[in-house]
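J.: If you want the building blocks of each chain, they are given just below.
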Amino acid sequence: MSTLLRAAPAPRTTALAPGRSRGRTLRSSAATALIWLAFAIALVPLVWIMWTVLSRGLPSMLHLTWWNKDQSGVGPAGFDHQVRGARHAIVGTLLMAALTSLIAVPIAILTAIYLVEYGRGRIARIVSFMVDILSGVPSIVAALFIYAVWVTTFKLTLVPACASLALVLLMIPVVTRSAEEMLRLVPNELREAAYALGVPKWKTILRVVLPSCMSGIVTGGLLGFARVAGETAPLLLVASYTQFLNQNMFSGSMAALPTLINTNVQFMSSDPISADRVWGAACTLIVLVLAINLAGRLLGHLTRVKS
Amino acid sequence: MVGRAGEPVGLGPDRRAAARGRRGDRLFHGAAATAGVLVVLIVVLITVFLVVHAVPALLHDQANFLTSRSWDVSVPMSFGILQLLWTTVATSVLALAIALPFSVGIALFLTHYAPPWLSRPAAVLIDLLAAVPSIVYGLWGAYIVAPKFAPIQDGIQHLLGWIPLFGGVSAISGGTTMLLVGIVLAIMVLPIMTAINREVLAKAPAAQQEAALAIGATKWEMVRTAVLPYGRAGIISGAMLGLGRALGETIAVMFILSALPQGSAWTWSLFNGGETFASKIASDAAELTPGLGTGAYIAAGLVLFLLTFVVNAVARLIIDGKKDFSE
Amino acid sequence: MSKRVDVSDLHVYYGDFKAVEDVTMTIAPRSVTAFIGPSGCGKSTFLRTLNRMHEVTPGGRVEGTVTLDSEDLYAPGVDPVAVRRTIGMVFQRPNPFPTMSIRNNVLAGLRLNGVKEKATLDETMERSLRAANLWEEVKDRLGKPGVSLSGGQQQRLCIARAIAVEPQVLLMDEPCSALDPISTLAIEDLIGRLKADYTVVVVTHNMQQAARVSDSTAFFNLAATGKPGRLVEMNDTATIFSTPSQRVTEDYISGRFG
Ligand SMILES: Nc1ncnc2c1ncn2[C@@H]1O[C@H](COP(=O)(O)OP(=O)(O)OP(=O)(O)O)[C@@H](O)[C@H]1O
Ligand SMILES: [Mg+2]
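Chains as they are written, first to last, in the numbering used here: chain A, 19 to 325; chain B, 397 to 723; chain C, 42 to 299.
Honestly, the hints are just simulated from the structure, not real lab data. You may find that some hints are simply not true.
Straight-line distance between alpha carbons at most 35 Å, and here's what the computed DSBU-like set of lysine-lysine pairs gives [said to hold, decoys possible]:
1. C:K157 <-> C:K180
2. B:K599 <-> C:K59
3. B:K544 <-> C:K180
4. C:K268 <-> C:K59
5. B:K599 <-> C:K185
6. B:K544 <-> A:K219
Owing to the predicted nature of the structure, the values given are computational and were not obtained by experimental measurement.
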């Protein structure tokens, strides 16, 4: 046996010199450089977008009128001489996202509970599959569906709540997935400890399981809220823009930041005031979305460290 | 303790509480299952409603729905999706081709190359790209990038114009082309693909990585032998999800891409303008009135839905297949 | 082809935490050296500094010198990759590359080195598998995945993989702790034969194993909990097991520890 070992080629003279592996080392260093470069390149659009939006939009945002006035008294978009406020759009965006969350979050959490705590076999697999499919449904298709139901089938007039309905379809899968992940992180010992005390399953879920992962679920909800607040496509189809503040989800038109942008964008090149309005709204939207998003992450991060 | 578990919990004086517990269980189970079924129902209803409203329009279509390039929805209707399909698929595949190497590289950066203090904040930065609303990408792409991109694009066309994909298109100027849309879409789908790649690459077992290093592999060789093979399925399904997002992106495409002039000739060039399914539906949204015309748009939406359905289902099946394999 | 390892005044740190303190020892060529000591005393940590594997853990660093036949492993300009090719390592749990066949597992190191000639590859594969005492068991299924083998076979496959790149020194960190008694015997047998050609270092918790396979033994211990581990004494295995010079060594070996 050991003769076989000895039959090995003679050892290299200096074992540790780079020698013939220089090419390999070089290739490895090249890979490292490329990988760093890939990351650096990805930061370019992020920084560029942030810079563009903040530098062009922040000035409008810093006026009080931006926050407490709508666009009433302003001529048709593009032909007035003041930026005026975006209160109608900010309120609209928040209201629509809030109603969306009100509908979507309970459904999503229940679905997640079903998948984690109850679901077995074929039905659970189908539900889980459909959550994936729903998360891939383009927002314009979701809006088209609501349009087909509301307008084409039932011949109803569109109200602001229709936008929320379309957004619900987009929010459910986001929140379901994150809630599901959180529920799965709850250790089984916790459930078993509760069962061993004679606590029924539903109470175990409501009193023991949910509270122990509540912060994670809230994080998921906030991320979902941020996502739908920034959605534009469904609004174009099922929410008509108005210059005036409307706080009633069930009648009339309601503005939102994206539709404010969309209405003014066509005048941007000829009218600097419209441009200010557009970038102001974009900046408000991005600040709003990022703030909620970061708040969600921070909450998740803080509570995760503690546990 | 184990012996106590056999005690008849529900049979003591607390029998009524136990009964209440069982009723509560049934109710709660029912509510959860209803929510789950509702999700299934929503997907089914989307399909049904889209089909039901698309069919009458399709029956009145004077042109071939699949091969016609025209879009005329006033009666007598003649509309087809060929141009939309090409624009949608070409921009999305382009986005995928750009985003894939970047997402793998960045995921490797986050999991194996970045110093520990940097990897978490770096991941958050990449995630922030996902938090930027698409309308902002649209504004940025159309009004900031496009003017700067136009000369670069002329350069590319000058150099590579003999390739059909990079041929010149006279009607479209100002850089608002499919190529730019592909690039912006790539940035938009980068975060989701990176997140998935990062997750699977981080799960590559340390033991095999150490084994690779112990036989004298360089870092890159270690990554190739003991990290990337574990990520393959995840990377592919992440790419599918990214593709699905790109196919359905609406407002950014609508803002950036120049519409084609009436009756413009067919070209394979990426320097062409056009409309995707989603941007077409959105840009004509204001003119939508209940009736046959709407059906044409719903038919286009149905095709888009089926496209994303297939892509997402494939992604899901790959992930599931991988699970079966590793268990 | 086996070389001597000299360690002097070696300190090992994980970030600010000092895990191993002031080790000086000589590991003779063509012999088996066993490292023994209670859990957490830094045996694995120290072992990994012998082929710079500790650098894989963030914050891992050393002070002091390690030389291989008077070549300094930590000299500036020395490539850790070259060090690891010269000083191989076998791990506690068998870790074959699951995406590779038995054949490709053995040849992974060679392939990375750019060896392409089929004859060389085939010859090395057979030699390594024979040396690892696995050839007879797998020669008919070399194309099967490495993970299709039993735990003991997988560990021998990992040994074959380690010796296929012809290292000078072979480090083994508890190579038998995940194995059944029969596989353990097979590996011990193999270690006994490997020392004819290699410098072998084995970490083990099994006193009988240390006594059976090793020529010299090093005993590591913690001065106190929270303190870094250190080398208590090192000597011929026979001496360590019969007349150790330190009281703690005798206590540990005879199981009167604690
Ligand atoms: N990656 C690491 N980061 C920080 N400290 C570590 C790390 N690995 C080990 N340590 C610490 O270094 C000390 C030595 O650990 P080591 O694993 O070398 O012990 P060991 O003697 O091999 O123990 P065992 O017999 O249980 O394998 C321990 O205090 C351990 O907590
Ligand atoms: Mg150890």
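J.: Please go over all the hints and tell whether each is borne out by the structure.
T.: Against the structure, the hints:
1. A threshold of 35 Å between alpha carbons decides the hint, and for K157 (chain C) with K180 (chain C) the separation of about 21 Å falls inside it, so the pair holds.
2. Restraint check for K599 (chain B) and K59 (chain C): satisfied, since their Cα atoms lie roughly 29 Å apart, inside the 35 Å limit.
3. Among the hinted pairs, K544 (chain B) with K180 (chain C) is inconsistent with the structure: their alpha-carbon atoms are about 63 Å apart, more than 35 Å.
4. Annotation: proposed proximity of K268 (chain C) to K59 (chain C) holds, straight-line Cα distance about 8 Å (limit 35 Å).
5. Taking the CA atoms of K599 (chain B) and K185 (chain C), the gap is near 24 Å; set against the 35 Å cutoff, the hint holds.
6. Our distance criterion of 35 Å between C-alpha atoms is broken by K544 (chain B) and K219 (chain A), whose separation comes to about 61 Å.
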